Amino acid sequence: MEYVDSLTGFRLDGRRPNDMRQIRGEIGVVAKADGSALFEMGNTKVIAAIYGPREVQNKGQQANNQALVRCEYSMANFSTGDRTRRPKGDRRSTEISLVIRQTMEACILTHLMPHSQVILIEFLVHILLKFFMYFLPKICFLQIDIFVQVLQADGGTRSACINAATLALADAGIPMRDIVTSCSAGYLSSTPLLDLNYIEDSAGGPDVTVGILAKTDKVTLLQMDAKLPMDIFENVMQLAIEGCKAIAHYIRGVLLENTKQLECRRGI
Amino acid sequence: MVGLSAGEKHFIYGGIAQDLRTDGRQRLHYRPISVEIGVIPQANGSSRVRLGATDVIVSIKAELGRPSSLHPDKGKVAIFIDCSPTAAPMFEGRGGEELSSELSLALQRCLLGGRSGAGAGIDLSSLVIVEGKVCWDLYIDGLVVSSDGNLLDALAAAIKVALCNTGIPKTTVNLGASPNDQPDVDVSDEEFLQFDTSGVPVIVTLTKVGRHYIVDATSEEESQMSSAVSISVNRHGQICGLTKRGGAGLDPSVILDMISVAKHVGEQLMSSLDSEIAAAEASAEDQ
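Chains as they are written, first to last, in UniProt numbering: chain A, 1 to 268; chain B, 1 to 287.
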């Protein structure tokens with residue numbers, strides 16, 4: 001199968017090799033969450049919701065002097081072309097959860113949130129109540145939960161999830177070093193292709209997923225399957241990084257627009 | 001979980017007793033409903049319904065299957081509901097499974113009638129292509145994206161909207177030479193048949209908080225409920241199903257009273273849903 005038309009140079013869905021699919025981000029889609037966002041890359045559509053920072057639920061998981069970041073990735077039954085009912089927590093989603101968690105952990109300033117301020121108030125009450133009694137100061141550690149839900153899967157779900165999580169984290173007001181964005185690139189019909197869709201993804205060619213910290217230009221996520229010669233890999237990765245930068249530019253615009261709206265609502 | 005202080009609880013109880021709830025609604029008022037159709041392009045029909053901060057997506061897929069030997073003249077419909085962890089952190093991992101299956105069963109009971117398929121909201125015999133051989137299997141998948149109480153009503157409304165939006169591909173059948181052969185079924189990509197959705201009921205959940213009952217409870221109100229009765233009502237004012245949740249007992253006369261209220265509220269809900277569907281269809285055609 002020819003993935004790039006040899007005459008016109010267009011891909012199957014009419015894009016040029018270094019074109020991205022249409023992207024769209026929306027903030028505040030889940031009313032009850034502390035932060036939430038929807039991110040679309042073409043037909044791939046994901047929702048991310050952030051709960052936290054809140055008290056660590058499972059005491060065994062708490063880390064010292066930094067907030068705990070957790071992530072769960074789930075796919076809706078109707079997200080893929082064939083209707084499948086998959087069990088929760090299969091290997092693929094566990095792996096993607098882990099990838100997203102590690103990528104987001106790299107940008108969240110976890111050391112700023114070792115324990116909560118609410119506890120400080122509780123602490124004072126504690127002192128007042130038990131003035132004469134012996135007590136141990138209670139320290140509560142914090143966790144941040146990132147939940148991503150895939151509504152439509154058409155290739156590049158992990159990139160879309162990371163982009164959605166970035167938007168949602170920013171919406172939740174969680175301190176971050178920088179915004180992380182992710183994009184994939186592949187190599188089919190001897191052409192580096194940006195942002196593979198499902199058909200291109202399942203062609204079996206190499207698929208490089210890159211996540212970068214946009215401002216500092218650091219790579220926080222890099223995954224590739226299949227094989228590529230070194231010099232071509234460099235080109236493909238460079239293409240993916242360009243994609244990440246374009247997404248970062250867009251996300252920054254969405255955040256700015258959202259902040260302006262918030263400002264407007266406060267009457268500033 | 002909703003954590004409420006004693007003062008907040010008192011405020012909710014007092015408001016309901018005085019017919020002015022915390023969000024300004026009366027006891028029998030729904031939150032504004034917003035409806036979108038065709039949100040999942042790869043499905044045969046889909047909808048997204050928002051009821052205040054409750055947000056659900058329903059997709060309907062039709063697949064060719066074989067009718068069960070007990071009911072060769074009827075198609076099959078299955079309802080699966082999933083609670084996404086985005087709706088509440090307690091749905092993480094397997095945490096949402098209990099609620100998911102409770103909702104799926106309640107919806108099945110209210111929409112699909114008895115085991116024989118009699119009294120179903122959807123005309124199951126319209127799903128049969130060749131009697132005893134081929135039929136459409138309808139898979140109704142619901143996803144709770146955001147939850148702020150009253151999930152059952154929102155899901156039932158979303159299923160009703162999605163069924164209105166569902167197109168079943170037209171089929172042509174080439175019967176095999178001998179009657180025992182599996183017939184060849186050609187599925188058309190272009191022509192779709194619409195469903196008759198006039199018989200699909202809506203569900204009205206009446207939640208008892210204190211001495212009164214309310215419709216469309218938010219999660220704060222639900223946390224204070226003693227019991228809840230979900231009644232599914234169709235267009236003709238018939239009761240299609242009933243589910244009671246919650247531990248407290250109810251006087252039979254109260255239940256009868258609730259049913260008559262639900263019938264009345266159901267009519268209003270149905271008409272507001274109809275106008276929302278018409279508006280959604282019009283806006284979908286514009287695009």
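No wet-lab data here; the hints were simulated from the structure. Any given hint might turn out to be false.
To be verified - Only pairs whose alpha carbons sit at most 27 Å apart, straight line, appear in this in silico DSSO-like list of lysine-lysine: (1) B:Lys9 - A:Lys32; (2) A:Lys88 - B:Lys263; (3) A:Lys88 - A:Lys32; (4) A:Lys215 - A:Lys245; (5) B:Lys263 - B:Lys244; (6) A:Lys88 - A:Lys59.
Said to hold, decoys possible - Between beta-carbon pairs, the in silico distance windows are: (7) A:Gln22 - B:Ala278: 28 to 34 Å; (8) A:Asn65 - B:Ala53: 31 to 37 Å; (9) B:Lys244 - A:Gln223: 29 to 35 Å; (10) B:Gly119 - A:Met1: 24 to 30 Å; (11) B:Leu4 - A:Gln61: 35 to 41 Å; (12) B:Gly3 - A:Gln61: 17 to 23 Å; (13) B:Glu191 - A:Ser189: 55 to 61 Å.
Bear in mind the structure is a predicted one, so any value in this text is a computation, not a measurement. From the three backbone atoms N, C-alpha and C, an ideal C-beta is built for every residue, glycine too.
Verification of the supplied hints:
no. : hint                            : result
1   : B:Lys9 - A:Lys32                : holds (19 Å)
2   : A:Lys88 - B:Lys263              : violated (38 Å)
3   : A:Lys88 - A:Lys32               : holds (23 Å)
4   : A:Lys215 - A:Lys245             : holds (9 Å)
5   : B:Lys263 - B:Lys244             : holds (16 Å)
6   : A:Lys88 - A:Lys59               : holds (23 Å)
7   : A:Gln22 - B:Ala278: 28 to 34 Å  : holds (29 Å)
8   : A:Asn65 - B:Ala53: 31 to 37 Å   : holds (35 Å)
9   : B:Lys244 - A:Gln223: 29 to 35 Å : violated (50 Å)
10  : B:Gly119 - A:Met1: 24 to 30 Å   : violated (50 Å)
11  : B:Leu4 - A:Gln61: 35 to 41 Å    : violated (28 Å)
12  : B:Gly3 - A:Gln61: 17 to 23 Å    : holds (22 Å)
13  : B:Glu191 - A:Ser189: 55 to 61 Å : violated (36 Å)
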